[in-house]
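Novice: Could you put the whole structure together from the sequences, leaning on the hints where they help?
Chains as they are written, first to last, in our numbering: chain A, 6 to 849; chain B, 6 to 849.
Everything labelled a hint here was simulated from the structure, so no lab data went into it.
Just so you know, these numbers come straight off a predicted model, no measurement behind them.
Check each hint, because a few of them may be wrong.
Each pair may be met inside one copy or between any two copies, as identical chains are not told apart.
With a straight-line Cα cutoff of 25 Å, these simulated SDA-like cross-link-like pairs (lysine to any residue) come out [to be verified]:
hint	residue 1	residue 2
1	453	605
2	453	628
3	453	623
4	232	267
5	279	727
6	289	87
7	453	604
Number of protein chains: 2
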Amino acid sequence: MQNDPNITLVTPDAPIATQTHGGRAKCLQRLVRLDLPVPKTVALSFESVLDIASGHLPNIEAILKQFPEDALLCVRPSSEDPDWGGPSAVLNIGMSTARFDTLCATLGTDAASSLFTRFVQSYAIHVERLDPDMFDDVKGEGLEALQYVLQAYEIETEASFPGTRSEQLVGVLKSMARAWEGTSARLLRQAKGAPADASLGLIVQQMAFGVGQGESGSGVLQLVSSKTGLPQITGRYLRQSQGRDALLGDTSLYISRDPRGPSFEELVPESFAKLVDYAHLMRKKLREEMQLEFTIESGELHILDGVRVTRSSRAAVRIAVQLALDEIILHQEALMRVDPTALNELLHRQVDRHAKRNVVGTGIAASPGAATGRLVFSANEAQASAARGEDCILVRRETSPEDIRGMHAAKAILTERGGVTSHAAVIGRGIGLPCVVGVSDIRFQTRKSKLVTSDGNVIQAGEIVTVDGTNGVVLLGAPAMQEAALDDAFQTLMDWADEERDIDIRANADTPADAQTARNFSAQGIGLCRTEHMFFEPGRRTVMREMIFAETSNDRRAVLERLLPMQRTDFIQLFNIMQGKPVCIRLFDPPLHEFLPTDRNGQHELADALELPLSDVIRRVEAMAEYNPMLGLRGVRLGITVPEIYDMQARAIFEATIEASRDGEAVVPEIMIPLVSARREVELVKTRVDAIAAAVRIELGADFNYRLGVMVETPRAALRAGDIAQHCSFLSFGTNDLTQMTYGLSRDDAGRFMSDYVRQEVFDEDPFHSLDIDGVGELLQLGALRGREAQPMVTLSMCGEHGGNPESIAFCRAAGFDYVSCSPFRVPAARLAAAQLAISEEIK
Amino acid sequence: MQNDPNITLVTPDAPIATQTHGGRAKCLQRLVRLDLPVPKTVALSFESVLDIASGHLPNIEAILKQFPEDALLCVRPSSEDPDWGGPSAVLNIGMSTARFDTLCATLGTDAASSLFTRFVQSYAIHVERLDPDMFDDVKGEGLEALQYVLQAYEIETEASFPGTRSEQLVGVLKSMARAWEGTSARLLRQAKGAPADASLGLIVQQMAFGVGQGESGSGVLQLVSSKTGLPQITGRYLRQSQGRDALLGDTSLYISRDPRGPSFEELVPESFAKLVDYAHLMRKKLREEMQLEFTIESGELHILDGVRVTRSSRAAVRIAVQLALDEIILHQEALMRVDPTALNELLHRQVDRHAKRNVVGTGIAASPGAATGRLVFSANEAQASAARGEDCILVRRETSPEDIRGMHAAKAILTERGGVTSHAAVIGRGIGLPCVVGVSDIRFQTRKSKLVTSDGNVIQAGEIVTVDGTNGVVLLGAPAMQEAALDDAFQTLMDWADEERDIDIRANADTPADAQTARNFSAQGIGLCRTEHMFFEPGRRTVMREMIFAETSNDRRAVLERLLPMQRTDFIQLFNIMQGKPVCIRLFDPPLHEFLPTDRNGQHELADALELPLSDVIRRVEAMAEYNPMLGLRGVRLGITVPEIYDMQARAIFEATIEASRDGEAVVPEIMIPLVSARREVELVKTRVDAIAAAVRIELGADFNYRLGVMVETPRAALRAGDIAQHCSFLSFGTNDLTQMTYGLSRDDAGRFMSDYVRQEVFDEDPFHSLDIDGVGELLQLGALRGREAQPMVTLSMCGEHGGNPESIAFCRAAGFDYVSCSPFRVPAARLAAAQLAISEEIK
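Specialist: Shown next, in the form of structure tokens:
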């Protein structure tokens, strides 16, 4: 048998590999090499299990010959990655009436009966596929129970229970091999990332009994907390038990001394000490934090298995960092072991994973984190609630710029409509506010200030609700929460990431608060500052409206003059917070009609404020309405047709630059032109901006530099990037709009059918969530290539919502981009993802 | 002098070319070669005129030496293309007090005075640039007048009138050379298509006097009517006159016998006969229909010049065809001589070019032709008006699908908003309805049913107005019209075009009427049948609304069942009209909310009709509203999420195919999927359509073939054309939407700033009007290349509004497209343009 690599006794030198025999087999071999007391084990390779599934059995006698004739056996799955799961283990194979009698003698009748009963049940359910319900009414205990289940088995199968170890093993191997091929098992493991052709190995191990005379039992032990990753010997032990029963039983002991009750450590201090030694040895040699599965048989310790400690995101960071600090793994390896997207969880409060959840609605997880508060149905109520010091959850059909202050006041946002890049989602992620959008199973009766759930329950304004933006669900009440965890381990990991990565990470930040968050997360600058948000504040919005109603260029200029000092202050704050790091300011982008009221009341107020007839206001609002605002008079088009706005903004930027440079490093602002589709648009804006820079230099008698660039967000700008790059210092790809235009798909309207589309695999993924490499990606590549060809020094970057995704960062890095820019709260994940990419390339 | 090519006596062998001496010089040389009685002429080359303009005079004496010492001379412009214009001719150079005396003797004092007076005036105005007003009060006639103008000249210039022929010639040459360089002259000729560096030649010709003793006078003669191009000797003759005075004077004679008055033919029959002979000779030898300019001096005939007969579009066709039929030119040359866009004029009634025009508004010329009618302000009134048999003009702020029937009922459309590809414009061109959109200088008070012009005049509903869609103007009243001219010459030209061209021309046709127009204009099929128009008819719209409100797939299916027979009839009609020519049917495209009423009244009616609470209707309308309908749930997205519509349409198409194939050629329908952005969309639709085809074949026991294809109108579809082509038979590029998405620019909203943009040269031209070769064009080329590479047999075509433009046809032809499809009324121009492209390539 040692010559058959498909059926191998697990010895230090046996030809066993994770890729051929699975992770459990490999792990057991490592434990054997460490000389741990592992019961005798035979590993069946993927190939041999495939054979079994298609009806070709291995040499059963050769397997059995490896074990003592009277030994009981167990079979456990060994897939390539333990996380992929597999069929349930079957214990106590070899139990039969004859064997039962001898065991009664050695273990006692009760223990022997318990083993046999467990085996019959397990065999009936897993091998014979009988209905588990049939054992619901097992009568009595010990021998009585055994007789009941044996009888039930015989009635149901019309056959007697198989009497030989060989028969039983064949049955178990076949059933486990087939279970792996089942559809639901396949879907389950694919959901966990297994490839379609993932294989199963099996191990056959000699049983160590946790039942019988002397101290007997089983348990698990690990050295750290799964929740925090901090050192804390954790585990449970159950006397007279097998498998992982210790984790279920009410009567389990704590593994180490514990004020809550008796412990394994107190019961058998020598075994405990040994176990802890074993655990430390495994951590060091297996280079991972492991959980030990052990059995004590009549006082003797057996190590049955070791598995990676399950861990929260926070624990994952702590464990990886500590392993590296202990010089067990390299910094690079620690970086590779943490999933970047898991980091997002650390930055926000979360619903505790063990908390009870009363889910009343599901939607799209648009901005991570969770928050609890009273329901409010308008931005005003949200502000009032915040003023009273009450946490609130803002509910809207969808949000618009007018809701911004209410959103800042709320603890979380819930909207009926929208997708991952809807207004609520973008703002939510920007300010770190939990947000669930596109909630389809709740009826939003916003006018009546209530929600109606799918089962007809009504949730009124003022009721306490929790929004879980990480998982996209709405919960009734206030479940237990887990706080954000920006601890020292997190900081250390981030520092290591920065040492490795080779692409810059900036943040999208519209306000001083955003900028501060960006700084806290060590963003290397602001990649996108959307100035229009600054104009939606009530005082400023009124000025904007006056400007819209101004008849002449001079009138517009005069009105905008009043906004100038406010804009200047905005920019001074941003520059000061960013302390000389680059700040890329996008010039005004939205259509002007967004500033006008659409309801009659608002129009009336505006007419009063401007002392105009209502009909004039209505006419202007109607005249400015657009069929497709996304494709209308906005961005640079506005910059060219109403140039006074850009003039004012450029002046504010330059005056702020001089002011902010006075006491510190010289600020070099970056000015970005949105929605460009033709070279000439850039030329026209550049001419005016240059002129204003010259004027400001003379007026204020101070010099400064600045960089002018273009936001590439129309397909045409990408195609003509060669032309455009000749007139600017940087090209920043705005993948939100670029995706919308490449697909001809509005992100605001896509929510309605996107889930349908992804389910039917029309799109592999929502392209607003995951960069469409094939289509949008080609435009990015073309644009980058042509831009660089025309102007080798041009800075290339991506500043859309995609900027924070590891796949997008990989794409940008491969395309030679200088930086990506993402929401401040996604900066840590982006830094880690970038480091992983650099390390992966190094390894290759 | 014969050695100086820049100053050449016009002889049969002189080195004179149009490219060096201008068209007039070359024409005169040809007349000399034909031995016509042309006065002695010297041609000054472009180079010599450039020299004069910069102050370097040619050898004046050498020029003068060519003419008798006492001969008077005239100087006339000779630009490369006579249409580019040039400075006015100056006659009678050499006139002086001395010369005057001798002329008094030979011509009589009156005639000599008249010549001298004319010369002084002309010299004062054109050479000395004096104010023409100074001659307004010329007193007396003959000698008295002469003395007056000479005196006026001397007072104004403070110098005596130049006394020598040489002095005078220098003055004239200098002033004409400089006039050509003037800014307004430059703009004027560039507007006529002259290049920026267009040059001027001059000719110096010996005067033949049209005044004096014996029969003297001047006139013009041509062999055809300028209006119709039909043979008709036309012209005027004025006794005792010079230059082209005959065309101005009230006392001019008709050239040939005419019931309206005395004629040149009757006056001097021999000269008339000679002139006609000359004209025929010129037509034959110059290979063009020419107008002769002649002078009779004391009974002797002189031919001063020949110019291309000016001609209407209709005459241009007739003249070119007749020259070819007379074997004077080749068919190909006849084709090259007609401007394709001019053909559009022939297909519609036009305002007579000589009619008086009372223009009250200007806008964008969106659909050619002109019509007169009473103003109406709603689609309903238009239908009522049509029912009464009254012609009407439909005025709307903008049109929407609900206006379609009203548009069909109206004679022309006038809208306040929109551009060349707005709804009104597209429909207008489709059905050949004159249309002016984007009228900015009229205030539309549609609710009050009136228009207010820029000078405050009010035009009420019911008033008679004329819309001139060819020129983009609105006229008050009913000016004289010219009828459409689809005569035999037009047909002949079209037949010749079809012999030459190598790209197919199809028409966009949505209705049987459109299809009939397409057939009449010999379209080779229907390239785009937009089926949604079929659903906007009131009866069908109600059914669509029911479908929208249906809760389940089965309910939707049941409702659509009622539309099936109507759709089938639509398609049977189309197939029958097209007699086996291909018909490409685009599946349903618009968002469903277009079918729902947006006003409260309509919603109320709908609630009544569907027996639903009003609040349900309002909620549904609100829920279905989209921010950017262009980028929303429409096209194939609807096909996939509400598949019942496409199912019904496919069934209707297939059942119609069987029906229409019964008595004639087998119909092979083409089914086109709109708004595709991913391969999988095509696969999903194809699977269902194939299944329905199979079902219909079995149910009706008849076989048929069909072709399934994709409308490429998102940038992504163009980029992924390789994928997509593998699943379809044809790719048709919809350049309207493709342009919108490539620029990120909605055609409906672009009107507001497009003129600004074109004026500031941000865009060279409106990309919705003229295909954007650099951006959209690259996507077309990429798509075509990738499509063909993946599937060499795939049919490629263009079906956007651009399809009818000569430049677009050139582009498609170069990219290897199989056909272009355009509005039915643009088919003739497209056929001609395609022929010209093939011929041009042949010539190269």
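Novice: Within a copy, between copies, both or neither: where do residue 453 and residue 623 come within 25 Å Cα-Cα?
Specialist: between (28 Å within a copy, 16 Å between copies)
Novice: Between copies, within a copy, both or neither: which fits residue 453 and residue 628 at Cα up to 25 Å?
Specialist: between (32 Å within a copy, 17 Å between copies)
Novice: Evaluate residue 232 and residue 267 at a C-alpha cut-off of 25 Å and name the case that applies: within, between, both or neither.
Specialist: Close inside one copy (23 Å), not across copies (115 Å); limit 25 Å.
Novice: Can you give me the call for residue 289 and residue 87, within, between, both or neither, at a CA distance of at most 25 Å?
Specialist: within (20 Å within a copy, 95 Å between copies)
Novice: From the Cα coordinates, with 25 Å as the cut-off, is the pair residue 279 and residue 727 best called within, between, both, or neither?
Specialist: neither (69 Å within a copy, 65 Å between copies)
Novice: Can you give me the call for residue 453 and residue 605, within, between, both or neither, at a CA distance of at most 25 Å?
Specialist: Answer is both: 20 Å inside a copy and 21 Å across each meet the 25 Å cutoff.
Novice: Measure nothing new, just compare the shortest in-copy and cross-copy C-alpha distances for residue 453 and residue 604 to 25 Å and report within, between, both or neither.
Specialist: both (18 Å within a copy, 23 Å between copies)
Against the hints set out earlier in the document, a violation occurs for number 5 only.
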